[in-house]
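The listed protein sequences derive, respectively, from chains A and B.
The numbering of the first sequence is our numbering, which starts it at 1 and goes up by one.
The numbering of the second sequence is our numbering, which starts it at 142 and goes up by one.
Be a bit skeptical, because a hint or two may be false.
What the hints assert, rightly or not - Capping the alpha-carbon separation at 20 Å, the derived lysine to any residue pairs in SDA-like fashion look like this: (1) B:Lys-737 x A:Ser-62; (2) B:Lys-524 x A:Asp-68; (3) B:Lys-674 x B:Ala-370; (4) A:Lys-98 x A:Asp-68; (5) B:Lys-524 x A:Ser-51; (6) B:Lys-733 x A:Thr-32; (7) A:Lys-98 x B:Ile-730; (8) A:Lys-98 x B:Asp-736; (9) A:Lys-3 x B:Ala-470; (10) A:Lys-123 x B:Lys-559; (11) A:Lys-7 x B:Ala-497; (12) A:Lys-123 x A:Asp-38; (13) B:Lys-749 x B:Leu-578; (14) B:Lys-559 x A:Val-8; (15) B:Lys-733 x B:Ala-706; (16) B:Lys-524 x A:Gly-64; (17) A:Lys-4 x B:Ser-493; (18) B:Lys-674 x B:Leu-377; (19) B:Lys-737 x A:Glu-102; (20) A:Lys-123 x B:Met-514; (21) A:Lys-123 x B:Val-388; (22) B:Lys-524 x A:Gly-80; (23) A:Lys-123 x B:Ala-706; (24) A:Lys-123 x A:Met-85; (25) B:Lys-173 x B:Arg-263; (26) B:Lys-524 x A:Ser-36; (27) B:Lys-737 x B:Gly-702; (28) A:Lys-4 x B:Ala-497; (29) B:Lys-737 x A:Ser-99; (30) B:Lys-737 x A:Glu-63; (31) B:Lys-674 x B:Trp-383; (32) B:Lys-674 x B:Ile-777; (33) B:Lys-674 x B:Arg-725; (34) A:Lys-123 x B:Lys-524; (35) A:Lys-7 x A:Ala-18; (36) A:Lys-4 x A:Ser-20; (37) A:Lys-7 x B:Gly-484; (38) A:Lys-98 x B:Trp-379; (39) A:Lys-123 x B:Arg-263; (40) A:Lys-98 x B:Pro-735.
Read the hints as simulated data drawn from the structure, not as lab findings.
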Amino acid sequence: MSKKTWKVLAAVVILVSAVSYLAYAAIQSGRTYYLSVDAFLADDNPPMDRSARVRLHGKVDSEGLQADSGGLRARFTLRGQSKHMPVDYRGAIPDSFKSDIEVVVEGRLGEAGVFQADTLMTKCESKYMPESARAKAESAS
Amino acid sequence: MNEYDLLGNWSLLLALLVCGLGAAAAVLAAWKKSSPLLDTSRSAVYGAALLLTLASIRLLLAFLNNEFRVEYVASYSERAMPVGYKIAAFWAGQNGSLLLWAWLVGVLASLAAWWSRRDPGRQQAVLLGVLLVAIGYFLALLRWAMNPFELLPQSPMDGNGMNPLLQDMAMILHPPLLFVGYAGYTVPLALTAAALACGGGLDVRWLNRVRQWNLASWIFLTAGIVLGAQWAYIELGWGGYWGWDPVENASLLPWFTSTALLHTLIIQRYRDRMKWWNTILIALSFLLCLFATYLTRSGVIASVHAFGQSNLGWFFLGFMGVALLAWGALLGWRHEMHRARAGAWRLWSRESFVWAGAALLMLMLLGVLVGTMYPLISALFTKTPITQGPSFYNTLIVPMGFVMAAVMAVAPLLPFGKAALPPRRLAVTLGAGVVALLIVAAVTLTQTGYLAALTRHGFQTAGSDRLTGALWLGGTAGIVTVAIVAAVWELVLATMLGEAAFRARLRRVGALSAHVGLALAVLGLAGSAFAVKSDTSVEQGQSISLGGYTLRYDAVRMVRGANYAALEADIALISPDGSTRTLRPQKRIYHKHPDKPNSEVDVRSTPKDDVYVSLLGWDPDTRQIGIHAMVHPLVIWIWLGSALLMLAALGCLLVVPPASPGATTGEAEQAQSKDLPSAS
Numbered sequence: 001m002s003k004k005t006w007k008v009l010a011a012v013v014i015l016v017s018a019v020s021y022l023a024y025a026a027i028q029s030g031r032t033y034y035l036s037v038d039a040f041l042a043d044d045n046p047p048m049d050r051s052a053r054v055r056l057h058g059k060v061d062s063e064g065l066q067a068d069s070g071g072l073r074a075r076f077t078l079r080g081q082s083k084h085m086p087v088d089y090r091g092a093i094p095d096s097f098k099s100d101i102e103v104v105v106e107g108r109l110g111e112a113g114v115f116q117a118d119t120l121m122t123k124c125e126s127k128y129m130p131e132s133a134r135a136k137a138e139s140a141s
Numbered sequence: 142m143n144e145y146d147l148l149g150n151w152s153l154l155l156a157l158l159v160c161g162l163g164a165a166a167a168v169l170a171a172w173k174k175s176s177p178l179l180d181t182s183r184s185a186v187y188g189a190a191l192l193l194t195l196a197s198i199r200l201l202l203a204f205l206n207n208e209f210r211v212e213y214v215a216s217y218s219e220r221a222m223p224v225g226y227k228i229a230a231f232w233a234g235q236n237g238s239l240l241l242w243a244w245l246v247g248v249l250a251s252l253a254a255w256w257s258r259r260d261p262g263r264q265q266a267v268l269l270g271v272l273l274v275a276i277g278y279f280l281a282l283l284r285w286a287m288n289p290f291e292l293l294p295q296s297p298m299d300g301n302g303m304n305p306l307l308q309d310m311a312m313i314l315h316p317p318l319l320f321v322g323y324a325g326y327t328v329p330l331a332l333t334a335a336a337l338a339c340g341g342g343l344d345v346r347w348l349n350r351v352r353q354w355n356l357a358s359w360i361f362l363t364a365g366i367v368l369g370a371q372w373a374y375i376e377l378g379w380g381g382y383w384g385w386d387p388v389e390n391a392s393l394l395p396w397f398t399s400t401a402l403l404h405t406l407i408i409q410r411y412r413d414r415m416k417w418w419n420t421i422l423i424a425l426s427f428l429l430c431l432f433a434t435y436l437t438r439s440g441v442i443a444s445v446h447a448f449g450q451s452n453l454g455w456f457f458l459g460f461m462g463v464a465l466l467a468w469g470a471l472l473g474w475r476h477e478m479h480r481a482r483a484g485a486w487r488l489w490s491r492e493s494f495v496w497a498g499a500a501l502l503m504l505m506l507l508g509v510l511v512g513t514m515y516p517l518i519s520a521l522f523t524k525t526p527i528t529q530g531p532s533f534y535n536t537l538i539v540p541m542g543f544v545m546a547a548v549m550a551v552a553p554l555l556p557f558g559k560a561a562l563p564p565r566r567l568a569v570t571l572g573a574g575v576v577a578l579l580i581v582a583a584v585t586l587t588q589t590g591y592l593a594a595l596t597r598h599g600f601q602t603a604g605s606d607r608l609t610g611a612l613w614l615g616g617t618a619g620i621v622t623v624a625i626v627a628a629v630w631e632l633v634l635a636t637m638l639g640e641a642a643f644r645a646r647l648r649r650v651g652a653l654s655a656h657v658g659l660a661l662a663v664l665g666l667a668g669s670a671f672a673v674k675s676d677t678s679v680e681q682g683q684s685i686s687l688g689g690y691t692l693r694y695d696a697v698r699m700v701r702g703a704n705y706a707a708l709e710a711d712i713a714l715i716s717p718d719g720s721t722r723t724l725r726p727q728k729r730i731y732h733k734h735p736d737k738p739n740s741e742v743d744v745r746s747t748p749k750d751d752v753y754v755s756l757l758g759w760d761p762d763t764r765q766i767g768i769h770a771m772v773h774p775l776v777i778w779i780w781l782g783s784a785l786l787m788l789a790a791l792g793c794l795l796v797v798p799p800a801s802p803g804a805t806t807g808e809a810e811q812a813q814s815k816d817l818p819s820a821s
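Let the sequences and hints guide you as you build the complete structure.
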C-alpha cells in the first residue's frame, strides 16, 4: 500500500476509535433502568442490583402525600397496578406535582424500603391528551 | 349531520377527494403531456389549501365561540381565557397542531405550485403529484386518526382550559414556528422528485430553489427550537433550557439534516460534488419531521411530555416506509444524475471541511436518535428497559458539537479545490483564535481557583472538572474569535472591492455572521459548565452565598393579579462589588387552576451571568421560604447568538445566489470553479 493509503487508514482508525470510545463512555454514564413500581418490586425482577440507581414511574397515591410547604421535600406513596412503595424526595417540588398524577422519580432504594429520590418529574399529560382519551387509556389498561 | 360536519369534517373529506383527483390528473398529465390536466392538478393544490383553510377557520370559530361540544375545544379552552390564548389553544393539543401543520403544507404547496407554473410540463406534473400526495396523507391522518372535530355526547358548561404553563408568549409562538419549518421541508422533496424524474437534473435552478426553501424552513425551525428552550428556561422554574427530553430531541433531528444540507448544497454549487448527500438529506429532512412526530406522539417512547398510547404508529410508519422505498427507487433509477466531479479531495480545502461538518452533524443525529430510542433498543437485549439521561448526551453530543463548531469556524477560511491557501489570512485569524483560547482559559483557571489549588495540592485534587470547564470555555472563546475575525475580514474586503463583487461578498458576510451567531450560542452553552445552584430553606433576614453573590431573604407577601393570587418574596441580590437589587420571584395560583401553582421566576441577566431565583414555597409554621437559586454564566449569549444566527440567515435568504455560476465573477471561489462542467 502507498504511503497515502496508510495515512488515510490511520486517520480512519483513530477517528472510529475516538467516536466509539465516546459512545461507549456516554452509554455507560447515562444509562438508568426505567421501570414501573410493580416491575421494580416484583420478586423475580432484578436483573440489576436492588440498590442501583433507577428511574421509576407510577402514580402519586391520593393518600399520604406530605409536601413541605417550603417546597423542598415531599413524602408520598408511589403506586403501580398492584404494588406501592414509599418515596422520600428531596429537592425543588415541581409546580405540577400533586396527588393522583403520573410521575417519574429517580434515585435509590434506601433503608426500610423507602425510595430516596433526588429527581422528580411530572408527566404533563394534559398537554397532548384530552380527558376522554386518557379515560379510555386508563380503562383499557 | 351537524354544523361541525359541514365546514369541518366535510372540508377535510372533500379536500382528500380533491387531492386524490388532482394526483390522478398529475399522473395523466405527465403521461399524456396534457396541459389542461396539468392546470386541473395545480388547481387541486389550491383547492385543497382552500378547504384546509375552511376547516381551520371552523376550528378557530369553535374556540372563539366557546363551542365545548367539540371535544378538542373542551379539552384546551375555557370561557374565561383571553381571546389571544383561545386562538393559541388551536395548537395546544395534538389534533389541532396536526391541522395547523396540514394547513401550512397546503399553503406552502400552493406557493410552490404557483412559482413553478412556467416549468416544463412533466416536471410540474411530478411536483404537483408529490405535493398532493403529501397533503392527502395529512388529510387522511386528520380525518381518521386525529380528528379535531370529534364531538362529546353533550356539551359541557365550560372547558378544561389551557395548562397555565402554556399560557406564555413563547409557548404560543413555539409550535407554529416549528410547524412552518416542518411543512417547508415538503417542497424541496417535491422539487427534487420533479428534477430527478423528468431528466431536468440537479441544475442551478433546482439548487437555488432548494436552497431558498431549505433555508427558510431552517430559519423557522431554528426559531422554534430556540423559543422552546427559552420558554423552558423561564417557565419551568428549574433554570435549565434543554433537558434532552424526547420531544426536544425530536425537533433537533430534522435540524441536523437541514443544517448539513444548507452547506452541502454550496459544495454542489461550486464544486459539483456531494449530490448524493443532497438528495438523501432532502428526503431525511422531510422524513425526520414525520418520524419525530411519530416518536413523540404515538407513545412508543415514554417521554415526560408525550403520554398518549394510540394506534397512530401505523399511519406514520406505513407512510414513511412507502416514502422511503419510493425515494430509494427514484435515486436508484436516476443514479447517473448524481455523477459528481472526479478526483481526489484535498484535506485543506473548503469542501473537505464542509464534508467533515456534515458528517459530524450526521453522527450527532445518530447519537441523539440512539439516546432517544434507547428504551426501545435496550428492550431487545434486556427485560428492563434502560433510558439514557442527560449525561449520555453531555458525554457524546457536546464534544462532537464542539469539534463541529471548530470545523465551522475554520472552513470558510479555506479555499475550494486545489487553490493556494491564503497564508496571511489564516495566520491572523487562527492566531487570534489561539490567543483568545489561552487568555480565556488562563483567566478562568485563575478565577475559579484552579491554579491556586494546583500549586497547593497537586494535579490529583485540584478538580479536573474545573480544568475541562476552562478548556471548554477557552476553546469556544477561540471559536468565537476566529468567526468574528473571519466575518470582519470579509466585510472589509466587501467594501474595498467595490460594486461588482459586493453582492457576492455580502452573501459571504451573511454566512460568516451566522457562524458568529452560532459560535456565540455555543459559548453561552459552555457557560453551563460553571453553573452553580442551591435549593434551600431560609429564614427572614438570612442570607446564602452562591457563585460570589449573596442572596438575602427580606420579606414575603401576598399579591393579586387579574386572574391569579401570588406569594411574592423579596430577595436582595448583593453583587461582589457591593451593589444591591431586589429580585421578586412569585408562586402564582391561577383562579381556574387552584391545583396547578405556577412559579414566576425572577432573573437578573448580564453579559457575564444570570442570577435566577424561583420561589418554591413558604412554610407558615417555621416562617421559612424555600428557594431555588442559580448563578448561570453566559446564558444571555445563547439568546443573543441565536438571534444573530437567525438574522444573518434571513439576510442570506434575501441575497439570492445568481442563477448561473458565471454571474458571480469577482467572487474568490469563481477562480477555481471556472473549469467545472456546467451542471445543467
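Would the hint linking Lys-98 of chain A and Trp-379 of chain B be met if the CA-CA limit is 20 Å? holds, 17 Å
Given the hinted pair Lys-749 of chain B and Leu-578 of chain B, is their alpha-carbon gap at most 20 Å? holds, 17 Å
Satisfaction of hint between Asp-68 of chain A and Lys-98 of chain A, Cα-Cα up to 20 Å: Answer holds: Lys-98 of chain A to Asp-68 of chain A is near 12 Å, not above 20 Å.
Take a quick look at whether Lys-4 of chain A and Ala-497 of chain B sit within 20 Å of each other, Cα to Cα. holds, 19 Å
Can you confirm whether the C-alpha distance between Lys-674 of chain B and Leu-377 of chain B stays at or below 20 Å? The given pair, whose Cα atoms are some 15 Å apart, holds under the 20 Å limit.
For the pair supplied as a hint, Lys-524 of chain B and Ser-51 of chain A, is the alpha-carbon distance within the 20 Å limit? holds, 18 Å
Is it true that the CA of Lys-737 of chain B sits at most 20 Å from the CA of Glu-102 of chain A? Since the Cα atoms of Lys-737 of chain B and Glu-102 of chain A sit roughly 14 Å apart, the hinted pair holds (cutoff 20 Å).
When you check the alpha-carbon spacing of Lys-3 of chain A and Ala-470 of chain B, does it fall within 20 Å? Measuring from Cα to Cα gives roughly 39 Å; hence the hint is violated.
Agreement of Lys-674 of chain B and Trp-383 of chain B with the hint, judged by alpha carbon distance not exceeding 20 Å: Between Lys-674 of chain B and Trp-383 of chain B the Cα gap is close to 16 Å, so the pair holds against 20 Å.
Check whether the Cα positions of Lys-674 of chain B and Ala-370 of chain B lie no farther apart than 20 Å. Holds. Lys-674 of chain B to Ala-370 of chain B sits at ~19 Å (cutoff 20 Å).
Within a Cα-Cα threshold of 20 Å, do Lys-123 of chain A and Lys-524 of chain B meet the stated pairing? violated, 24 Å
Pair hint outcome, Lys-173 of chain B versus Arg-263 of chain B [Cα-Cα no greater than 20 Å]: holds, 9 Å
In this structure, the earlier hints numbered 2, 6, 9, 10, 16, 23, 34, 36 and 39 are contradicted, and the remaining ones agree with it.
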